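Trainee: Which chain is which? The protein sequence lines are A and B, in order. Residue numbers for the first sequence follow numbering that gives the first Met the number 0, beginning at 0 and rising by one. Residue numbers for the second sequence follow numbering that gives the first Met the number 0, beginning at 0 and rising by one.
Since the hints were made in silico from the structure, they are not lab data. These numbers were taken from a predicted model, which means no experiment stands behind them. Even glycine gets a Cβ: it sits at the ideal position worked out from N, Cα and C. No incorrect hints appear here.
Ranges between beta-carbon positions, derived for each pair:
| id | chain 1 | residue 1 | chain 2 | residue 2 | range |
| --- | --- | --- | --- | --- | --- |
| 1 | A | Leu19 | B | Ala52 | 57 to 65 Å |
| 2 | A | Ala117 | B | Glu58 | 45 to 53 Å |
| 3 | A | Arg48 | B | Lys147 | 51 to 59 Å |
| 4 | A | Val162 | B | Lys436 | 33 to 41 Å |
| 5 | A | Ala117 | B | Asp157 | 55 to 63 Å |
Covered, in the sense of this in silico footprint (three residues per stretch, anywhere, with C-beta under 8 Å from a C-beta of chain A), are these stretches of chain B:
| id | segment |
| --- | --- |
| 6 | 208-215 |
| 7 | 257-269 |
| 8 | 417-424 |
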Amino acid sequence: MTIARPQTNAPEFRLLATPLVLFLLVFLGFPALVNLIYSVSEVTFETLRQPRFTGLANFLSVWSDAAFWQASWFSLRFGLLTAVLECLLGLFLAIFLSPLIERRSWLMAILMLPLMVAPALVGLMYRLVLHEFVGPVPYYLWTYFGASISFLGPGSAFWTLVVVETLQWTPFTLLLFYMAYQAIPSEIAEASAMDGARSLQRLWFIELPMMGPTIAAALLIRFIDGFRVFDNVYVLTGSGPGGSTASLSIYIYEAFFKQGAIGKAVAASVVLFVASFAVLYGLNALASRRKGAKR
Amino acid sequence: MTFATTKRRALLAAASIAGLLAATPALAEVTVLGWPGGPEETALRAAADAYNAKSDVAENDKVELLFFNRDGFWDKLQADLAAGSKAFDLNLLATYSIGRYAPFMEPVELSGEAKSVYGDSVLSTMQYEGKQYGVPTDLSLHFMYFRKDLIEALLKDDAGKAKYAEISEKHLGKKLEPKTPDEWTWDDYAATALYFTQAVNPDSPTRYGTVLQLKNLLFNIMVWQSVPRAYGANWMDDSGKITVNSDAYRKGLEIYKLLYDNGATPKDSLSYEFAEANAAFASGQVAAMLQWNAAASDLTSKEKSPAVADVTETVAPPAGPEGRFTHIHGLGFGLNKNAENKDGAAKFLKWLSSKEAALTYAKNNGAPALTPEVVAEVAESRPDLVKLGEFAGKYGYVMSGATSAKALSVYELQAKEFTGYWSGQQSIDDALANTEKGMADLLK
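I would like the entire structure built from these sequences, with the hints used as guidance.
Mentor: Printed below as a string of C-alpha cells:
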C-alpha cells in the first residue's frame, strides 16, 4: 500500500493552512519584525513608537561589551557541563535502576518529582537550604566540621548552580534513557549472550549505540535548556558579583528592564537567535549527511 | 411570556445596566493607583475615606482607589504611562524612579503645611529637576542594628578593650577604644565588626561581627552608599561632572572589602540581600549590621527573632569626616499628565500633603517621615515613626542625579562594578574607572 503525499499547492490545502499561517504571522512574525526594527534603532520606553534608526550601533555596542562575552561564556560552559552531567547521570541511573524500576514502577513517579517543581522555586528552595544560618547543609557542616563552605561565594557559585540544575533535570534524561533502554529488543541481548558477550561489552557495543539517537537528542535538549537558563540562577545569585553568574538570558533581561537599553537588549537577542540557528542548522545538516551515508 | 415581552424586558435590563455604568464614575472621579497589599494600602484607604467624608469635597472629586499586583508593578506602570493611559489620575511614585516617569507626569502643588510636616530632605525624595512631582507618603532609610548586650559587655571588659585596640591597630592602622554605637565612626564600626568575628578574635561570642548585603543588586548599593557619603561622596558635582572616582568612594569600598576579606561577614554575603542578612542577624551570630528600617519590627519581635529580640537596638548609621548620613527614598503619589480630572486630583494631592492627612496616614500603619513637632502627636501609638522622622530630617540624603531617568541604571552599574571589586574579580581602580565611564554615558 502506498500513501499519497499531500498536494501542497491544492486549494483546499491552502485554505486549511491559512489559519496556521495567519497565527504564525501575527504571533511570531510581527514581534520578530518589531525586534528587528528595534535592534537597529535607538529606542526607550518613551520612544517605543518612534524608534530612531541608528544602523548597526546596537550590534557594535553588544559586540564590544565585555559583559556580553562574559555572559556568553557562562551560558556555553553552563549549558555544556549540565547537559553532559545530566546525560551521564541519567544514563547510569537508567541502566542500573532498570531492573528495580521494572519491578516497582511507582519508583519512577518519585524519581520524576524534581521535574514538577518550577525552576524559580528550586532556586528559592536552595537559597534557604544553602543559607549559613537557616539551611540544613551549612548547619551540619558547621556542627561536625566547624566550618561552612561558601556555596554561593565567588569561587563556588558556578559549581553550585551546575549541581542545582543537574539535580533538577537528571530525571528528565533518566526517563528518556530508561524508555530507550527498555525499547531494545530482548532477543538482541539474548543473542549476544549466546555469542559470549559480557555485560560491559553488550553495553558498550550493542546497547549504547542503539540508544545513540536518544542520547544525542537528550544532549541537545539539555544543552539548549542549560544555555538559556534564567529562573533558578536569577533567584539564587542574580547576575552574581561583577556579573559572574549572568547567563545570556539574564544579560538580555537586565539590559532591557533594568538598564532600559531596549535596542541593545534586542540586538543581543538577535545575535543569540542567529548563533542558535547556525548551530541547529549545522547539526541538522550533519544528521542528514549521516543518514544519507547509512543508506 | 411572549417573545416581544422578553425582548422588551431584556432591553430594559440592558438600559438599566448601561445607566448604572454611566452613573458610576460620577460617584468617584479622582482615581488613584496605589501600592497594593501591606501597610501602604491600609493607610491609603484610611486617608481616602477621611478625604471622601469631608463635607467640602465635591461629589465628582471623591477619590476611588485602584490596585493591581505588586509583581512587575513599575514596569507595568511604565507601559501604562508611556501609552498615555487615562485609567488613573494619580499614581504611585518612588524616589529612584521619578525620572523615568516624569515625562508622563506633571509637577504638583503642595499644601502650605507640607514643609513643616515633612521637612526639606523628605520633600526632596519626590523632586526631579527642581520640581515637586509627588507627595511623600512612606519613607525607607537605614538603621544600624546592634546587640546591646555584647556592646555593653565589651565596654566593661578591660581585656576586651585591649584586644579591641590590638585588632584595630592591626587592621585599621590605629588603636581604637570601644564606644557606644551612637558615637561610632565607620572605623569604629569596622573595628567592632572585626572584634566580634571569630576568624579574627577566637574568643568572640558571635561567629561574625557584621553581615553585609553584597549581592549584585541595586538596593544593596543604597544600603552601602551611606559609607562613602560620610566621607563626602556624591554621584556628581554642581557642574554635572561625575565624581565617583574619588577618595570618598575608595574609602567606602575599602571598608567593606576589609570586612569581607577578614571574614567579618559570611563568605556567602556576595549572594545576600535583605532577607539573608536578617536571617543571619536573627540567628544571634552577628553583632551589628546596617539594614533597612523595615527590618526593625521583625528583629525586635520575640516570635520572629527569639534569639535577639530583647537585645537588639537601633541607631543612625555611623559618622565620617563629613557627618552622619542615611540614604532615604520614599513612596508617594503624583499626577498623571493624561489625568481626566486634574483639578480634582490636584485638590486631593494638596490635602494629602497636609498635617491632617499625614496624621491619618501615620495612625493607619503608613510610614511617613514627619518632623519632630508633628510626629509627637502620634508618638504614643507609633513610636517607630519618631526615629524615622528624626533620622530622615537629620541625616537623610539623596545623591545628586539619583532621581534622574537613569538612576536605576546607575545603581545597577555600581552594583555590578563594586561587587566585582569586593569579590576580587577586579581592582578598585578598574571598578571606579568603569563606574565613572558608565555613569558619564548614562547621565550625559
